[in-house]
Amino acid sequence: MNVRPVGCRPSWLIGGALFVVASCVLVLVLGQANIPRGAVLVEAFDRLTPGTVESGLNPIQKSIVWSLRMPRIVLGLLVGAALATAGATYQGVFRNPLADPYLLGVAAGGGFGATIAFVNDWGDGRGIFDGVQLAAFVGALASVALTWFMGFVGSRERGATTLILAGVAVAAFFTALQTYLQQRNTEDIREIYVWFLGGLTTEGWGEVLLALPLTVVCIAALALSGRTLDVLTVGDDEARMLGMPVGIARLLLVVLASLLTATAVAVSGLISFVGLIVPHTVRMLFGSSYRIVVPMSIIFGGAFLVLCDLAARTLGTASEIPIGVVTAFFGAPFFVMILRTTATR
Amino acid sequence: MKFRPLLLIFAALALFAAACGSDDAVEAATEAVTDAAMEDDAAEADAMSEAPQRIVSLNPTGTEMLFAIGAGDQVIAVDNFSYYPPEAPVIDDLSAWSPSVEAIAGFEPDLIVSQGPIEGIEALDVEVLVLPAAVTFDDVYSQIEQLGAVTGHVGEAAELVLQMQTDIDAVLAEVPARETPLTYYHELDNTLFSVTSSTFVGEVYKLFGLENVADAADPDGEAFGYPQLNSEFLLTADPDLVFLADTICCEQTAETVAAREGWSELRAVQNGNVVELNDDIVSRWGPRLVDFVRAVGEAVAAVETAAAG
Chain A
47 MNVRPVGCRP SWLIGGALFV VASCVLVLVL GQANIPRGAV LVEAFDRLTP GTVESGLNPI
107 QKSIVWSLRM PRIVLGLLVG AALATAGATY QGVFRNPLAD PYLLGVAAGG GFGATIAFVN
167 DWGDGRGIFD GVQLAAFVGA LASVALTWFM GFVGSRERGA TTLILAGVAV AAFFTALQTY
227 LQQRNTEDIR EIYVWFLGGL TTEGWGEVLL ALPLTVVCIA ALALSGRTLD VLTVGDDEAR
287 MLGMPVGIAR LLLVVLASLL TATAVAVSGL ISFVGLIVPH TVRMLFGSSY RIVVPMSIIF
347 GGAFLVLCDL AARTLGTASE IPIGVVTAFF GAPFFVMILR TTATR
Chain B
218 MKFRPLLLIF AALALFAAAC GSDDAVEAAT EAVTDAAMED DAAEADAMSE APQRIVSLNP
278 TGTEMLFAIG AGDQVIAVDN FSYYPPEAPV IDDLSAWSPS VEAIAGFEPD LIVSQGPIEG
338 IEALDVEVLV LPAAVTFDDV YSQIEQLGAV TGHVGEAAEL VLQMQTDIDA VLAEVPARET
398 PLTYYHELDN TLFSVTSSTF VGEVYKLFGL ENVADAADPD GEAFGYPQLN SEFLLTADPD
458 LVFLADTICC EQTAETVAAR EGWSELRAVQ NGNVVELNDD IVSRWGPRLV DFVRAVGEAV
518 AAVETAAAG
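Protein chains in written order, with this note's numbering: chain A, 47 to 391; chain B, 218 to 526.
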């Protein structure tokens, strides 16, 4: 285990930022609508800067650039960064390489919340402050709270393992409720499954505006928590000897990571594997200190999801491929690889 | 999150089940009632006496057909989606989605009308008539005739079929042909799931020579004719007509469509050619199919007028 006091090199951060910008530009100019690429860039420049530059695009093409492609890219960056950062945090807090953002039952809780909202026609999961989004957010946080509570009640040791097991129980419980509700309301089942598949499809900037504040605050807080995570990685007793209030530190980290995950789930449904494979890739490429893993996960989580979404919306000539299919297609083989390398260690 | 691939399969299955029946199933269903169909009109009264009097329908379209051919009195229980016609005896807890053989047995049926095979139903030793989702108009008419034959309403079934055919022909006769075909988009829900021409719904639009923009999204049938369109593609395709089959499920209207980002620029929106359909009528293939055809015919005719004026 690498606990040398190694921080993130500035060159990595700059390189990573350039990679993100390059990915965004690439994704912006590609799409099913055949819009001249130069004009797309001019249009984006026009929108993002105070002055007026005429791109020569027709109104529909302008809407495609500003209301479809651009919010989708920003949402991809936010959700990808959120899931990857949350995954990295959970892996550190629980000292478990297989931990992902849905470890504590967030997916099942969020799914149950969304199911309740769909069944009661509270909304359709799109735009800003939609009923489905709020219900998914509340459900996701409720499941984490329940897991935390059960983990403490069930064990005086307050160990990470107990929490993970409690998470399994809570997830099973919420999944059962959710499945029951779906079977009782088969007329809504299609809407619900589409939501479960996850996706960054947006119309306008509603989802981005909803997700932005909380995501940025939590990500910033976690980016500064690298040292805390490094110490926790060594072990609870060792961390206490180093003077760290382990219980409080772990609670704070889990709250931040859970808020991130809940926000991501609320605006984009369940997108798998991002939170698992991005931190691991970063670890292999740059080093295992969380002072490196967290910032680089933020950068590459965003870029990875944006690039996956490019595949999701351009592999078909006219159709959408659910983004969960793309992330899992790359994620599943990767998952096996992680398992193999950890097994041979 | 290791169960995600399973969800995918479920979703695909749900779409598939909701949507299309295989030809095999149609044939099987046809075979099942061949004997019954042999009966001739003269024997109808005789057949009535031995016709099933305790029919359970787990097929909303089948229920509509049963009532339309005058067999409604013989129906004692229908599933929770068979709420048309209003006099159908809906049992709130009777599910066609996950049918309970025991619950069905409780009604002591002498005929069960379903949309697909029901696991374990053989144990009841009751005749089961499977009426899978129609693929062609002929499937619709043959299913009505099958129901007529097994319920002792052969004459009324034949009348209904003739009436439907006459009505549809009348609608078609009133819609003038166009030199360049109009294009359309048929919306199943507001996440842009649509149908291609290879579906039964597509057959209806084919009557009017309309071109489906969604065909490009599922050329090889991988999505079973039910692809999810990319909004960028749809905006670029700019169809002449937009048909909303999600007015009930997703509360979509011409207004909500116009309010979507970028959609206000679409031809269909600007020319008032966004057509609100009843989800149920469009997703079933029963007697109300005529209403669907008529709605499409009126919409097509309206485009004609606008173009001329």
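These aren't lab readings, by the way, just hints derived from the structure by calculation.
Treat the hints loosely; a few may be bogus.
Capping the alpha-carbon separation at 20 Å, the derived lysine to any residue pairs in SDA-like fashion look like this [as the list claims (entries may be wrong)]:
| # | chain 1 | residue 1 | chain 2 | residue 2 |
| --- | --- | --- | --- | --- |
| 1 | B | 423 | B | 353 |
| 2 | B | 423 | B | 475 |
| 3 | A | 108 | B | 437 |
| 4 | A | 108 | A | 74 |
| 5 | A | 108 | B | 476 |
| 6 | A | 108 | B | 474 |
| 7 | B | 423 | B | 383 |
| 8 | B | 423 | B | 515 |
| 9 | B | 423 | B | 382 |
| 10 | A | 108 | B | 482 |
| 11 | A | 108 | B | 475 |
| 12 | B | 423 | B | 433 |
| 13 | B | 423 | B | 508 |
| 14 | B | 423 | B | 468 |
| 15 | A | 108 | A | 97 |
| 16 | A | 108 | A | 281 |
| 17 | A | 108 | B | 484 |
| 18 | A | 108 | B | 387 |
| 19 | A | 108 | A | 93 |
| 20 | B | 423 | B | 396 |
| 21 | A | 108 | B | 487 |
| 22 | A | 108 | A | 92 |
| 23 | A | 108 | A | 88 |
| 24 | B | 423 | B | 476 |
| 25 | B | 423 | B | 358 |
| 26 | B | 423 | B | 352 |
| 27 | A | 108 | B | 423 |
| 28 | B | 423 | B | 407 |
| 29 | B | 423 | B | 387 |
| 30 | B | 423 | B | 438 |
| 31 | A | 108 | B | 477 |
| 32 | B | 423 | B | 437 |
| 33 | A | 108 | A | 143 |
| 34 | A | 108 | B | 453 |
| 35 | A | 108 | B | 358 |
| 36 | A | 108 | B | 454 |
| 37 | A | 108 | A | 144 |
| 38 | A | 108 | A | 252 |
| 39 | B | 423 | B | 474 |
Structure-based check of all given hints:
| no. | hint | in the structure |
| --- | --- | --- |
| 1 | B:423 with B:353 | holds (11 Å) |
| 2 | B:423 with B:475 | violated (26 Å) |
| 3 | A:108 with B:437 | violated (31 Å) |
| 4 | A:108 with A:74 | holds (12 Å) |
| 5 | A:108 with B:476 | holds (16 Å) |
| 6 | A:108 with B:474 | holds (18 Å) |
| 7 | B:423 with B:383 | holds (18 Å) |
| 8 | B:423 with B:515 | holds (15 Å) |
| 9 | B:423 with B:382 | holds (16 Å) |
| 10 | A:108 with B:482 | holds (11 Å) |
| 11 | A:108 with B:475 | holds (16 Å) |
| 12 | B:423 with B:433 | holds (16 Å) |
| 13 | B:423 with B:508 | holds (16 Å) |
| 14 | B:423 with B:468 | violated (26 Å) |
| 15 | A:108 with A:97 | holds (16 Å) |
| 16 | A:108 with A:281 | violated (54 Å) |
| 17 | A:108 with B:484 | holds (16 Å) |
| 18 | A:108 with B:387 | violated (44 Å) |
| 19 | A:108 with A:93 | holds (10 Å) |
| 20 | B:423 with B:396 | holds (15 Å) |
| 21 | A:108 with B:487 | holds (17 Å) |
| 22 | A:108 with A:92 | holds (11 Å) |
| 23 | A:108 with A:88 | holds (11 Å) |
| 24 | B:423 with B:476 | violated (29 Å) |
| 25 | B:423 with B:358 | holds (18 Å) |
| 26 | B:423 with B:352 | holds (13 Å) |
| 27 | A:108 with B:423 | violated (33 Å) |
| 28 | B:423 with B:407 | violated (23 Å) |
| 29 | B:423 with B:387 | holds (16 Å) |
| 30 | B:423 with B:438 | holds (18 Å) |
| 31 | A:108 with B:477 | holds (14 Å) |
| 32 | B:423 with B:437 | holds (19 Å) |
| 33 | A:108 with A:143 | violated (44 Å) |
| 34 | A:108 with B:453 | holds (11 Å) |
| 35 | A:108 with B:358 | violated (48 Å) |
| 36 | A:108 with B:454 | holds (15 Å) |
| 37 | A:108 with A:144 | violated (43 Å) |
| 38 | A:108 with A:252 | holds (18 Å) |
| 39 | B:423 with B:474 | violated (24 Å) |
The structure fails to meet hints 2, 3, 14, 16, 18, 24, 27, 28, 33, 35, 37, 39 from the earlier list, while all remaining hints are met.
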